[in-house]
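> In the working numbering, the protein residues as written are 296 to 621.
It is worth saying that the hints were derived from the structure and are not from the lab. These figures come from a predicted structure and were not determined experimentally. Just so you know, even glycine gets a beta-carbon here, dropped at the ideal spot from N, CA and C. Careful: at least some of the hints might be erroneous.
DSS-like mimics (lysine-lysine), calculated; alpha carbons at most 27 Å apart, straight line [unchecked claim]:
#1 LYS535 / LYS594
#2 LYS580 / LYS594
#3 LYS594 / LYS568
#4 LYS378 / LYS580
#5 LYS327 / LYS411
#6 LYS411 / LYS560
#7 LYS544 / LYS560
#8 LYS568 / LYS535
#9 LYS338 / LYS452
#10 LYS593 / LYS544
#11 LYS452 / LYS411
#12 LYS535 / LYS452
#13 LYS452 / LYS378
#14 LYS544 / LYS594
#15 LYS333 / LYS452
#16 LYS336 / LYS411
#17 LYS551 / LYS594
#18 LYS452 / LYS327
#19 LYS411 / LYS438
#20 LYS551 / LYS535
What follows is a list of derived Cβ distance ranges for each label pair [as the list claims (entries may be wrong)]:
#21 ASN603 / ASN442: 53 to 61 Å
#22 ASN429 / LYS378: 50 to 58 Å
#23 ILE316 / LEU604: 36 to 44 Å
#24 LYS438 / TRP312: 29 to 37 Å
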Amino acid sequence: MSFATSAYSVTASYFHWFAAIPMIGCVGTVLKAQQSPKEEKPKLMNLHKSLGLLTGMIVAPRVAYRIFNRAAYSIEALPGGSKAEHFLADLSHTALYGFMIIMPASGIAMGYYGGKGLPFFGTTIPGVVKTDENKQRTGEIAKQSFNVHKTVGTYGKYLIPLHAGAAISHSLRVCGNLNIIPVNAFVAFEGTGVGIRRLYRSKGKKRTTCLHSEIKFKNFDHVLDTFHEGTLLVYFEANKCGPCHLMKKELAVAKKLMGKEHDLKIFSLDAEKWPHLGTRYGIQKLPCLLLVRDGVIKKRMEGVTEANLIVKELQRLMGTESEKDQ
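Based on the sequences and whatever the hints tell you, model everything.
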């Protein structure tokens, strides 16, 4: 099942890191070469060109994958940021894609049409064979490619630390300070073999890591049947889903607002690991919250929902049930 979610697909994630590593290596080697003695520069530039060609080999299928698999990149804007922040994030992301495409393409064109060929880790892919007829044209292409490569590289290299800094900042804001799930918060159902991690805020212990709480079971109905009394929130999430992490914060706040007297239980489930449940319950967007009352699913809430709205819905639901009991 494919979700219109906020989580990147596994393939998209792999493409990201496979392209990032050699691209960072390209920038690092050329910066090192600029500061190195003359006799060391050829070796560093050879490595730079090899990594550049490798980057191009990875970026080409990555761009094709993005074009033909748009759902894998259908990431909605994360809540909590201003419109300006979202605009700048989109702008820098687009610029980084342009950098990834232009730099390998201009480097390859420069090496090929310049006639020197393309070094690739100990071997060389031959360049164009120059003749009297094509010498001027190929020379112009090589020169133009060099100018583009140098100009884009001079300014574009700053996009990498900018992107990394934004990612780290978001990770700290979302995971370090908002999603505080104690490691020892583990509940085991007696005799059922069902393991559940309860989601709540750790008192007195500030953790800086994100731990994904999840229900580990083979029979979802068995879990629902376990809770015949009280209210249970079942939270469908996915790995590497930024809005899902933000939703955990709202759930933690909602639990606190509801108070201990309601004994509100909040559990999360990885929709990617249990896709049949996503299909069964018609989960089309993540995060998705199911409000379960006395073993029956009463309400579905998709997308990041503020804590006060969750509490309002819970109070409405509990109030309705109380009136029926009277």
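> Each hint: holds or not?
Hints, verified against the model:
no.	hint	verdict
1	LYS535 / LYS594	holds (25 Å)
2	LYS580 / LYS594	holds (15 Å)
3	LYS594 / LYS568	holds (23 Å)
4	LYS378 / LYS580	holds (22 Å)
5	LYS327 / LYS411	holds (22 Å)
6	LYS411 / LYS560	violated (67 Å)
7	LYS544 / LYS560	holds (15 Å)
8	LYS568 / LYS535	holds (13 Å)
9	LYS338 / LYS452	holds (21 Å)
10	LYS593 / LYS544	holds (22 Å)
11	LYS452 / LYS411	holds (25 Å)
12	LYS535 / LYS452	holds (26 Å)
13	LYS452 / LYS378	holds (25 Å)
14	LYS544 / LYS594	holds (20 Å)
15	LYS333 / LYS452	holds (23 Å)
16	LYS336 / LYS411	holds (17 Å)
17	LYS551 / LYS594	holds (20 Å)
18	LYS452 / LYS327	holds (14 Å)
19	LYS411 / LYS438	holds (13 Å)
20	LYS551 / LYS535	holds (25 Å)
21	ASN603 / ASN442: 53 to 61 Å	holds (56 Å)
22	ASN429 / LYS378: 50 to 58 Å	holds (51 Å)
23	ILE316 / LEU604: 36 to 44 Å	holds (42 Å)
24	LYS438 / TRP312: 29 to 37 Å	holds (34 Å)
In the structure shown, a violation is registered for the earlier hint numbered 6 alone.
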